[in-house]
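Here the protein sequences come in this chain order: A and B. Position one of the first sequence corresponds to residue 1 (UniProt numbering), numbered consecutively onward. Position one of the second sequence corresponds to residue 1 (UniProt numbering), numbered consecutively onward.
Source of the hints: derived by calculation from the structure; they are not laboratory data. Quantities reported herein were computed from a predicted structural model and do not represent experimental measurements. A virtual CB, placed ideally from N, CA and C, is assigned to each residue, including glycine. Treat the hints loosely; a few may be bogus.
[Stated by the list, open to error] Derived contacts from chain B toward chain A, CB cut-off under 10 Å, selection only:
id	residue
1	F54
2	Q55
3	A105
4	V106
5	F107
6	I174
7	Y200
8	L272
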Amino acid sequence: MKLLNYLLKGLNWVLLLTVILIFIFPFFWMITTAFKSFSETMMFPPKWIPDQWLWQNFVDAWQSGPFLHYYINSITVTVSILVLQFLTVIPASYAFARYRFKGDRFLFALIMITLMIPAQLIFLPVYLQMSSWGLIDSLASLIIPFASSAFGIFLIRQAFKQVPNELIEAARLDQASEWKIMWKIMVPYAKPTIITFALFSFITHWNDYFWPLVMTNSELSRTLPVGIARLRDIDSGASWNLVMAGNMLLVVPILVIFFLAQRHIIKAFVYTGVK
Amino acid sequence: MKSWPIIRPYVMIAPALIVFLLFFIYPIYYMVYLSLHSWDFISPTKDFVGLSNFQQLLNSSEFAKVLSNTLVYTFGTVVFSITLALFLALWLNRSTRIHRLAQTAVFSPYIISLASIALLWLWMMDPDFGLLNWLLSLVGIPKQPWLTDQNTALFSLILVAVWKGVGFNTLVFIAGLQSIPKDLYEAADLDQSPKWRTFYKITLPMLTPTLFFLVVTNVIVSFQVFDTVHIMTLGGPVNSTNTLVFNIYMHGFRFFNIGYASAVGVILLILLAIMTWLYFRLLSKRVHYQ
Chain A
1 MKLLNYLLKG
11 LNWVLLLTVI
21 LIFIFPFFWM
31 ITTAFKSFSE
41 TMMFPPKWIP
51 DQWLWQNFVD
61 AWQSGPFLHY
71 YINSITVTVS
81 ILVLQFLTVI
91 PASYAFARYR
101 FKGDRFLFAL
111 IMITLMIPAQ
121 LIFLPVYLQM
131 SSWGLIDSLA
141 SLIIPFASSA
151 FGIFLIRQAF
161 KQVPNELIEA
171 ARLDQASEWK
181 IMWKIMVPYA
191 KPTIITFALF
201 SFITHWNDYF
211 WPLVMTNSEL
221 SRTLPVGIAR
231 LRDIDSGASW
241 NLVMAGNMLL
251 VVPILVIFFL
261 AQRHIIKAFV
271 YTGVK
Chain B
1 MKSWPIIRPY
11 VMIAPALIVF
21 LLFFIYPIYY
31 MVYLSLHSWD
41 FISPTKDFVG
51 LSNFQQLLNS
61 SEFAKVLSNT
71 LVYTFGTVVF
81 SITLALFLAL
91 WLNRSTRIHR
101 LAQTAVFSPY
111 IISLASIALL
121 WLWMMDPDFG
131 LLNWLLSLVG
141 IPKQPWLTDQ
151 NTALFSLILV
161 AVWKGVGFNT
171 LVFIAGLQSI
181 PKDLYEAADL
191 DQSPKWRTFY
201 KITLPMLTPT
211 LFFLVVTNVI
221 VSFQVFDTVH
231 IMTLGGPVNS
241 TNTLVFNIYM
251 HGFRFFNIGY
261 ASAVGVILLI
271 LLAIMTWLYF
281 RLLSKRVHYQ
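Using the sequences and the hints given, assemble the complete structure.
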């Protein structure tokens with residue numbers, strides 16, 4: 001019985017390690033490929049560790065397109081979206097959490113409905129709108145549609161509702177303006193939720209391939225995911241070492257953030273989605 | 001100044017509301033409008049053609065293929081991913097270090113850009129030098145064509161989607177498992193209920209709301225598949241991975257057939273609306289459970 005127990009435990013460990021490998025090994029494969037020489041990518045069975053770690057691949061990948069532009073664009077877009085969302089989501093959440101006004105339920109429902117409208121459904125009409133405004137192929141077309149977030153309003157309104165009434169009443173007695181109450185009491189109180197939402201929003205837009213692909217058509221307004229996917233076209237699918245080197249430029253920042261703020265991120269994506 | 005408190009909430013909501021109206025609500029109306037017109041994007045006039053775009057679409061064998069691809073992809077992804085996630089959740093729901101490490105590992109692809117993952121798997125599925133064919137060769141299975149054959153391409157896309165998404169589903173299931181009151185299990189233990197019976201009588205029913213939530217959200221996400229198609233197959237070979245969103249993209253941006261593309265969009269809208277309606281019905285039921 002004891003032996004069986006040990007065997008089961010051992011089997012459990014082996015299976016656990018297999019599962020971990022299935023999900024981690026592809027990333028290892030990406031990293032070693034990124035350092036291989038071109039001929040080393042053309043071997044079967046594959047070469048696991050390159051003879052020489054070719055840092056040059058990163059230079060070559062970087063120089064094969066305007067990667068500095070891609071990086072700057074990616075950062076500009078994600079940061080602008082975050083700032084704009086902060087400015088539009090917080091007042092709206094405050095209004096929905098703390099005021100009763102005519103049509104409040106209707107307006108809230110209207111905003112929540114947009115949660116169910118993915119970018120993949122409406123890109124064509126939005127593209128046509130943008131083109132009539134002359135905004136195609138501009139960073140603005142990547143930023144403005146996401147200047148607010150229904151998911152953010154949903155989350156932060158929830159958090160604002162939990163602020164104790166006494167705190168607000170006391171501030172009102174002290175003649176604090178509503179503006180001040182919002183930024184000095186509500187926002188600090190809801191800080192964990194706001195950080196959670198910010199992480200969610202940052203990762204989502206940093207990773208986004210679809211929207212920039214659809215809205216931009218010149219190198220100078222593309223973002224990193226689109227730029228990296230084009231590495232494969234330029235090299236007609238052959239130079240996997242360069243494609244994977246480029247890929248690492250996109251993945252590494254996210255993996256670093258993931259390791260630093262693992263709990264926050266899991267919470268941002270999983271638990272907020274459930275509740 | 002007296003009216004300020006009345007106007008104030010509207011002013012606070014206005015910036016957000018304008019964004020939603022301009023970029024989410026109005027485009028839906030505009031898409032339905034366009035689906036009833038014929039337009040090539042360049043000509044100054046849009047001709048009203050009634051339902052002829054829809055007629056064309058329903059008579060097209062390409063659209064039948066696109067719709068069936070999307071439904072097969074959705075069905076395959078959702079069934080695989082959720083079944084696997086349920087097993088993983090039951091197994092990994094422990095707080096020892098290795099179990100937690102496994103949870104994190106399984107989840108990690110979820111936060112990586114789908115573009116990166118598509119490129120990575122495109123390389124792993126390379127028929128000549130890819131990692132997957134090497135793994136198969138270890139157990140004596142001949143090289144597979146993966147994305148380059150119309151019989152295996154859609155399945156390969158499903159595999160990528162499952163690998164990326166199963167971790168999210170697993171963690172949501174684990175959250176669901178942890179919210180089941182412990183005393184239910186203690187009672188079952190007292191009754192000396194066998195494990196499988198506890199699972200069927202307690203775990204599964206208590207997990208049903210989570211399961212429904214996951215099925216609906218997974219279906220909605222799968223309906224929108226695009227990135228992997230665009231990077232890995234471009235809808236091919238021979239339309240075997242052409243899906244709804246990719247089809248809209250091609251007709252809109254490559255063939256400039258705006259009316260037809262919008263009609264396909266309206267079909268997607270209807271599919272999404274059905275799922276959303278289901279979701280809200282289940283949500284209201286979920287309240288009744290508690």
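Do the hints match the structure? See the list:
no. : hint : in the structure
1   : F54  : violated, 16 Å
2   : Q55  : violated, 20 Å
3   : A105 : holds, 4 Å
4   : V106 : holds, 5 Å
5   : F107 : holds, 6 Å
6   : I174 : holds, 9 Å
7   : Y200 : violated, 23 Å
8   : L272 : holds, 7 Å
Checked against the numbered hints above, the structure breaks hints 1, 2, 7 and satisfies the rest.
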